[in-house]
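Residue strings, one per chain:
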Amino acid sequence: MNLTLRIWRQKGPEDKGRMVTYQVDDVSPDMSFLEMLDVLNERLILAGEDPVAFDHDCREGICGMCGLMINGDAHGPQRGTTACQLHMRQFTDGETIDIEPWRASAFPVIKDLVVNRGAFDKIIAAGGYITAPTGSAPEAHSTPVAKANADAAFESAACIGCGACVAACPNGSGMLFTAAKLTQLSLLPQGQPERYTRVIGMVDAHDEAGFGGCTNAGECTPACPKGIPLNTIGRLNRDYLMATSKRGDNTPGS
Amino acid sequence: MAVTGILLALFLIAHMIGNLKVFTGETSFDHYAHWLRDIGKPLLPGVWFLWILRSVLVVAVVAHIVAATVLARRARAARPVKYAHRKKVNGSYAARTMRWGGVIILLFVIYHLLDLTTGTLNPVGDASKPYGNVVADFAPERWYVTLFYTLAIVAVGFHLRHGAFSAFRSLGQQTPRGERRARNAALVFAVALCVGYLVVPFAVLTGLVA
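Chains as they are written, first to last, in the working numbering: chain A, 1 to 254; chain B, 1 to 210.
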């Protein structure tokens with residue numbers, strides 16, 4: 001396959017950045033998208049040019065590092081996979097492919113296609129954990145959990161924090177991520193003691209980081225490589241309403 | 001957004017039912033319209049209830065617009081650099097047109113008040129003859145008015161389709177099955193309201209109401 005790539009090149013955080021066109025020939029349809037970028041980078045290095053910086057780590061869809069906006073689709077046209085799991089057979093010979101970084105003020109571009117997703121860590125630090133030391137895994141039958149809750153919590157726990165929900169959201173909102181990290185705890189017994197301080201802390205951290213507000217537009221779930229359902233945000237809303245209408249001190253950490 | 005939106009949607013239901021009284025004849029419709037000004041009598045003097053209702057609606061509209069503006073400004077700030085290649089979105093057309101749709105609806109409401117409340121833009125504009133005002137408004141030779149009303153009502157329908165679902169979600173609708181129900185309920189509500197509002201101008205246009 002011969003492809004034309006239009007890639008966002010930006011030397012550093014201060015650089016303005018621009019789309020640059022590259023021609024990549026002899027691409028195998030069995031290559032992954034990142035392998036195709038590796039091929040391009042090898043050629044750029046041989047030609048003495050600066051290779052394209054992009055994030056990647058496990059290359060099997062579980063680390064959440066590879067975030068690319070491919071032809072306007074977060075993680076490319078294939079549903080339920082990350083960019084590293086995308087194969088070149090999803091594209092046609094002679095196609096022009098636009099590759100851009102996630103666009104959000106909370107995710108500043110470090111270089112080319114690499115963004116700083118540290119804002120997600122701030123949301124987690126604001127309550128995405130349980131304070132009690134839990135030791136090793138307990139006997140499974142000691143704390144009964146309803147099957148439906150276990151399944152929904154597991155669905156949320158599948159979030160790899162890649163940021164595709166923010167990238168796809170017309171409002172630049174990180175609410176699907178926040179909701180997933182919240183409900184994986186709030187649906188289980190271990191998450192109950194801090195349930196309501198957690199939701200306030202995490203939503204406040206989300207807003208402070210400069211993410212937009214959720215308007216239930218529904219763009220995030222189709223872009224999510226783990227298919228976290230949209231109703232997860234409803235669970236967050238319910239917890240937030242409970243927390244803000246509950247009597248007593250609900251400040252995080254109290 | 002959800003709470004003010006629900007208040008406005010409740011008003012839309014009441015307004016639609018009131019409109020449909022046009023099919024019960026001139027005397028009945030005019031009697032209903034005059035009664036609207038007297039609700040609460042003798043407990044409240046004259047048009048007090050009407051003005052209380054109007055103030056609640058104005059507060060709801062203003063709060064709705066303020067909340068929408070805050071969301072729109074946050075969204076703009078959250079994505080300072082736009083995508084060079086933006087796919088047509090996966091969400092519904094209704095969800096994507098909430099903001100501009102809302103602006104269009106606001107302009108329509110202003111026109112609608114000047115038309116059938118103050119009578120400024122109405123060919124008859126006689127406050128004592130609401131039935132006559134409506135019939136004159138949607139007369140066949142003023143087809144462009146009917147067309148504009150139709151477009152505006154369809155815009156309201158789209159706004160309600162996403163708005164009603166979104167309100168359920170904001171107020172804590174949280175299960176997948178509930179989501180399907182909420183989406184269906186929002187669609188049925190939006191279509192029912194559109195039809196309920198549009199039968200009146202089209203009945204006048206076709207001569208069913210004269």
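It cannot be assumed that every hint is accurate.
With a cut-off of at most 27 Å between alpha-carbon atoms, the simulated DSS-like pairs for lysine-lysine come out as follows [unchecked claim]:
| hint | chain 1 | residue 1 | chain 2 | residue 2 |
| --- | --- | --- | --- | --- |
| 1 | A | K111 | A | K11 |
| 2 | A | K11 | B | K87 |
| 3 | B | K82 | A | K122 |
| 4 | B | K41 | B | K21 |
| 5 | B | K41 | A | K226 |
| 6 | B | K82 | A | K111 |
| 7 | B | K21 | A | K111 |
No wet-lab data here; the hints were simulated from the structure.
Taking the hints in turn, this is what the structure says about them:
{"no.": "1", "hint": "A:K111 / A:K11", "result": "holds (6 Å)"}
{"no.": "2", "hint": "A:K11 / B:K87", "result": "holds (26 Å)"}
{"no.": "3", "hint": "B:K82 / A:K122", "result": "holds (24 Å)"}
{"no.": "4", "hint": "B:K41 / B:K21", "result": "holds (22 Å)"}
{"no.": "5", "hint": "B:K41 / A:K226", "result": "violated (60 Å)"}
{"no.": "6", "hint": "B:K82 / A:K111", "result": "holds (17 Å)"}
{"no.": "7", "hint": "B:K21 / A:K111", "result": "violated (65 Å)"}
Against the hints set out earlier in the document, violations occur for numbers 5 and 7.
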